[in-house]
Every structure is written in structure tokens, then in C-alpha cells.
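Student: Okay, here's what each chain looks like letter by letter:
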Amino acid sequence: MIGFIARRLVWMLITLWVVFTLSFFLMRAVPGGPYASDRQLEPEIEANIRREFNLDKPLYEQYWLKLKQVASGDLGSSTKIRTPVNRIVSEGLPVSGALGLLALAIAFAIGLPAGIISAVARGTFADVALMSIATIGIALPNFVVAGFAIILFVFVLEWLPAAGWGSLEQLVLPAFCLGAPYAAYVARIARTGMLDVLSQDHIRTARAKGLGPLSVVLRHALPTAMLPVVSFLGPAVAGIMTGSPVVEQIFAIPGLGWHFVQSAINRDYPMAMGLVLLYTGLLYTMNLLVDLSYGLLDPRVEWD
Amino acid sequence: MSPRIAAALGLALACFAGIVWVVARGQLPPAEFTFNNDTEIKSLDPAIVTGQPEGRIIEALFEGLVRLGPEKREPRPGIAESWTLSDDGLTYTFKLRKNAVWSNGEPITSQDFVYSMRRFLDPLTLAEYAYQAWYLKNGERYSRAARSLAVGDPVEVELHERTPGAREYARGVVLRGELIEIETDADASQADLADPAKYVELRTFVVESEGRSRRFRVGEPGAARAGADSCRQLLLDFSEVGFRAVDPYTIEMVLESPTPYWLQLVGFYPLWPVNQACVETHGPLDWTEPDKIVTNGPFTLEFRRIRDRMRLRKFADYWDADDVRVETIDALAVESLTTQFNLYETGKCDYITKVSPITARELVKADPPRKDFFPAPQFGTYFYSMNVTRPPLNDARVRRALLLSIDRTEIIATAGSIETPAFSFTPPGIPGYDPPRCDDTNLAEARRLLAEAGYPGGEGFPKIEILYNFEEQHQTIAELVRKQWRRGLGIDVSTRNEEWQTFLSSTRQLQFDLSRRAWIGDYLDPNTFLDMFVTGGENNQTGWGNEEYDRIIDAAKYEGDPAQRLAMLARAEEILMTEGPLIPIFFYATRYLVKPYVKGFFYNVQDTHPLRYIRIDRGGVSR
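Protein sequence lines, in the order shown, are assigned to chains A and B.
Take 1 as the starting number for the first sequence in the numbering used here and just add one per residue.
Take 1 as the starting number for the second sequence in the numbering used here and just add one per residue.
If you are wondering where the hints come from, they were derived from the structure by calculation, not from laboratory data.
Treat the hints with care, as some may be off.
With a cut-off of at most 20 Å between alpha-carbon atoms, the simulated EDC-like pairs for lysine to aspartate or glutamate come out as follows [stated by the list, open to error]:
(1) A:Lys-80 with B:Asp-38
(2) A:Lys-66 with A:Asp-56
(3) B:Lys-95 with B:Glu-201
(4) B:Lys-95 with B:Glu-410
(5) A:Lys-80 with B:Glu-128
(6) B:Lys-42 with A:Glu-158
(7) B:Lys-198 with A:Glu-52
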């Protein structure tokens, strides 16, 4: 297992380097730059800005300097918000993390029971209703869900605040909107997994032993049915992390997602690079954790 | 409970505890006044920023010699308690008040202003607004550093090494002397020598200082060529700039030419002072952190949470603290116009700077009429500029035909609601200036001009393109203009949209036929609009030039009589409107919402509402 983790970590470094290189050259291939504004700058000032961000040096030298800097753990300083990227990350990441975690929790709390119920009650009205809702949930982008949720919960029912950060109440709507499509995915995957397991021999054995339906489903079927759901965790985390910019903007949550989008628009090279690398590392780590958890859930899996 | 379930439960609990902890860190008691500041600001350093959101906060944290009133924007005493102007209109003398202090308790003296002005003009500070201080004698030459120097000039050479014991981010050692020779590199081509961006790279400067002559190259240490020392910068001696401390509480400014709006600029935040010890101790990035920043205005910075909010607290030792009535202010950084409107409507925000055009349209129609929405003209113009280096737009008759076939009323009815049609480049609202109007829609005349230019009925007219940066409103307008021209002139026009930065670089490199643009005035004077279109001006970006126009704009700078000066500018604008490279479309309108209990808040064309004058009065009902 240690060998497996070590190997994967080496691959992670290689992945990070490839992502770094690609983003570095892509960013510089598009027109514009961090010093561009709608007013033309004086040549002296523009030259000094270019010098400050090393943009006056040849590309290969910029690449080398940046690589050294990033490798030392310093992501540089944002050109748009004159603040170290490390500080922006340390302020924004916990916020994004809290939002993502809650969204994920909501996705599983809604999706799992819905999937299980509709598998057990296959073909009934409940099954059709739940799966129809799930299909709609997958089809609706989260900003549409957000629009409806705001009208309903903020302006009609007046239960929740419209936006902002600082209380759990303010986190409910954004986490729900971010998690809703994933709840739908989870429901569908859990249903398929459950149906698969319920038709297997050991379930028939359990039933034949005279166990109650609840016990059969929860103790004998659920652990196996969970496998596809767990493997969905990896892409779900990826989706929630990268899908958060829209939700963060609608609900004015000071997370990292919106920086990610803005830094590309503003040609904020250090910030965009920092966030790309951060997300790469994060997603890679999540996938690694999912792979490791397979071993815990399924004795047939071996790491090597 | 099996260990596995216990572990899962434990993990879930830990996650939840983590969420609660992160959220709890964000909890705050509400501030007395909360407003939305549009976006996360670039910096709190007055010298380097240019945006309105930055301005709102900086004008609350800092104070200049004068500050501008909330309604008429007239100069009021700030750190200066009084000032005088010499008869020739060139020399201002400011008397500083003795009871003004920095937030660290130190008194504010004229030395602070001299330090800040030098820093502001120094090209290494990266002050994009430095040109606002170029009205000072030699201010422009100081900012242009080595490029502005001629043999015989008194100069200052900033070396790389620092005085021993100096603060970490202080300037390098400064040598003063006289420039006695500029040597150009023998191997450099004429084209490179003429390129302003390469100016210092190709030259060696010989400076006589303290009785001996030394040769300098500007650039990185170690990169110097044989026989020359390397220095960080070579500048005109700052004592040549018209800004000096006469004594600790007197400042004298000498201008290049009489500038009637100079006090407006002195009251504009880029020219405001910063604390030398603070800047030099913590450096250009860190000194604006809440625990380090030293300010001198009515408020201090309590904390800053990126993309969330900044909290300002009244500064108890501010010289006029009795007149500041709000204890705490929160400035939110919400970017979405819909979200800020939601926050305002649910009472979480007392003032938002703008609503979306669609919302504005609904608010105008609201019944009963809204008591908190006051659309009124603003000091900005939405216009189309034409690239006169490309045919057929190089023909003034074609430009005029296009201008005459625009229907502004239809544009506003479709893409806006509260804007006013623009028939001049300069918006109304400047005291004493009545902008000359261009003609309204006149299709017959437009067709005649087009025929005269060789395209009767639009026949043979080359296909031209409207460039705009991607935003819904711009798109609607571009499509509409295209339709109007096809309808009115029978010409074929296409549209192209580009993302903002690509758009900027296209317009700068004149890679367009027609382009959408907008200009918001910096100070209340026609010059802020008109000097943009002088031949080769940095923001001209149309290739257009007219000698008569340039002559008038330049002559107006030296005109002492204010009325005469405005008359001259009006003549210039007339030229711009008859043959110039632009089609004014509409003047922007203010789109802010402010709760009726917010007092000390006034409409002005610049749409600037200083936080210092705000007070909250929930007792009263009507404004």
C-alpha cells in the first residue's frame, strides 16, 4: 500500500508539472496582459510593471523563474488584487471547502435514500417520481436552481438570507444549489447499484434465512451497492469544486471559485497559475483517497 | 456499533465541526452603514489604483490637502486649512492645519506630502494615474525619468545600494548632479533608438556629481557595460518639480499653466499622502494590510476579508471627528448586480452603486414610484469610435453620414431605459460649459453625403465591422446600429465581439473599423474628455488628428480667463463633432439605490458619494 501511494505521489508531481507547463504557455498565448487597462499606460510605467512581474524577460527564462518559485511553495502575488496568492488561498480555501463539503453532504443525504427507496420499490409510483425528479435535477444547471430557490426561500417564504457569508443560514441555499445536481446523480447511481446487488445470490440466501427486508437491504445489500457511489465521489468533488464559481457569485460567498474565473479574464497570471495547480493537486488527492477507500470497502481490491 | 460505522460517524462529525468552525470565523456584528463596493479592490495604496471602488475606500481612509464636498464637489479644507493662489494663476500656497495626525499618532507635516508626491511621480511606483499630477511644473518630466532628460539638466541618480541602516524598502542612495552627456550605443539601430520602451537600454548617461564625472547605465545591478556603473533610475532632480515644503506646515505648488480644475485634482485621491515610515518598513505589497496600514482620514481600516468585506471604523483623532457621524462602515465586495439588488431588497445593504439595466427599467416603472431610486445624468459617454486609417472611414463625409443615420431614441428604448441621448462628447453638467451639439438623425442628408463620397444608395460600400466587448447591452446596441445603417443607408455592416482584454488590444492596435467605447470623466471639466482626441494621444485610438483641434486644446491650457477658455474648448468640440472620429450615443445615468434613512448623500454628475458625510437617521421617514 505504501508503494502504491508513493507511486501515485510521483505521478502527481509529474501531472502538476505538465499542467504547469501547459497553463504557462497557454496563458501567454492569449492577447492582453496584467498591465492592460482601457487607458494606455506611459511606456516607463508599463516597462516597470513588466519588469516587476518578469514579463520583460525571454519566455524560457520566465518559465524557469516561475517554476522555481512555484516549486518553493510561493505562488507569487496577484496582479489584480495586490495580495500574495498564498494568502488569498488560505482565506478562500476553507470557505470553498466548507461550501463544498456541505454540498456533498446534502447530495449524499438526499441522493442515497432516494436511490435506495426507488430500487427497493422498483416500478412503483415512488420510483418513477423520484427518478423523474433526479433526471430534472441533472438537467437543470445550478444557477437555474439558485434562481428558483432564491425566489421561493428568500422572497416568498422569507426563511433564508439572500446572500453573504458569516452564518450557517447563509450557507444552506448555496450548498443546496451546488449539491442538488449531484444528489440526482447519486440517486441514479445508488439505484442502479442497489438493483444490481438485490438480484444476487447472497441476498436470496439472506432472505431465505428469514431476515426482515430492512435488515437485508441495510446490512447485506448496502455495502456492496455503495461501491459505484463511492467511486462517483472523485468526479463529484471535482465537479463541486469547479462548479462553485457560479454559485459563489450568485450567493456572494468569498470562496476561491470566482477568483479562478476572474483571474483568467484579468490575465492575472500568478493567481490563475496558483489556482490551476491547487485544483490539480486537490482533484488528484481526492481520486487517490477514493482509490484507497476501495480497499476498505471491497476485500477483492488489492493495491499494487 | 462496529468500528467502521464509528469511524464513519466520527468523520462526518469532524467534517461538520469543520464547517461550523469556518463559518463561525466569518461571523460579525452588523456595521452601522453597509454598502456594496462592487468588487474586490486592487489595493489601498492611493498612488497605484484608478478605480471607483478603490476610490470610495481610500477617500474614507485618507485625506488630502483638500477634499471635495458631497454635492457640488467644491474644494473644502482637508489637511490644509487654507490656501492662496498667485495672481498669475500658477502658484498655490497651502497652509496645513496643526491638529491633523496619522492613525499612529504622529503629526502630518508638509514633508509627508513631499514624500508622497515624489513617490507618486516616480515611475517605479507604477502609478497609472501619475499624469493627474503632470500639471505641476516638471511633473511630467520627472515621471518620464531618463527619457525626458537633456544634457545640462540637474538630475538625481538612484543607486541600487541602500543607505546603511535605512528601512528595508527605502529608496536607494541618491546622487545629485548634472547630466553632462548622453551616449548612445554604437551597435543600436535607429529604429531601436527611437523606441521609447528601449530608451534606457541603449544609452549611457554621464553625470557630474560632487566634482567628478561618473558614467551610468539604468538597469539591473551587474548588467552594466564596461566603464559604467549600474543605477536603478535616472530622474530629473525632484527639486525642479513644482512641489516643495516651505516650512513644516506650508506647501507651495507651481503649475505648468493656470489650471482651473487643479483643486479638483488636489482633492482627488491619487494625490493624497501616504505614511513614509509605514510604506518603507513594510514594502509596496504589505503596507496596506490592516495591521500595518497607517492612514490619516476620517476612518481607519479594521479588517479586510478578501472578496467578502472591509470594515472601516471612525478614527477618533481625526481633526474633524465631531463631524463624522457613523461609527462603523462595511464595504461589501459583491460583483453580481442581481445579488447586490437582492441584498438591498432584503435590507442587508443600505446603498448599492448600481442596478442592472433590466432592473432599472422595472424600477422606473414601479408603482407606487420608488423613493430610493433617482436616475439622473452621469459624467460619462457611451460612443462609437471610427478608425480613420481605414477606408471608407477615412472620408469625413462617410463618418458624418454614419453619425446622421443613428437613431438614439430607439437605441435607448431597446437597450436601456434611463439614459439620455448624447449629441456631444462632453456630458452636460459642467458649470459654464454648454457642449456644442451634433445634428440629430437626418437620413436625407446622410444619404446625400454617402452619395457624394461615391456610394449612392450604399452601392459599392465596403463591408465594415462593429467591434464590441462581450456584454449583453453592447451586443443589443451593435445589432441595432447595424440595422439602422442598413435601413437608412443601405450599407452592409457586420458585428464582432471580443473578450475584454482582447478587445483592448485590438482597439489599441487599430484593428477595427468601428468600436464601442465609453469614457467617464475624471474631473469636472471638458478637458478630461477633449484632450483625449489630440493627434497621437494615448487614448485617441482612432488615428484621427486635426491641427486646429490640437492647437486649440493646447492654447486653452494657457488661457487665464475661465470663460474664454471654455469657449475655446467648445470650439474644439465643434470640430470633433463635425468631422471627428466618434458618434456619441448616450450619456450614462446614475443607477444607484439608497435607503431613505441614509442622509448626507447627494446626487452629483460624477456619481461620487463620500462616506465621510454619510449619517444614518432612522427617525425621519422622507428624505
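Student: Which numbered hints are broken by the structure, listed smallest first?
Tutor: Numbers 3, 4, 6 - these are the hints that the structure violates, sorted from lowest upward.
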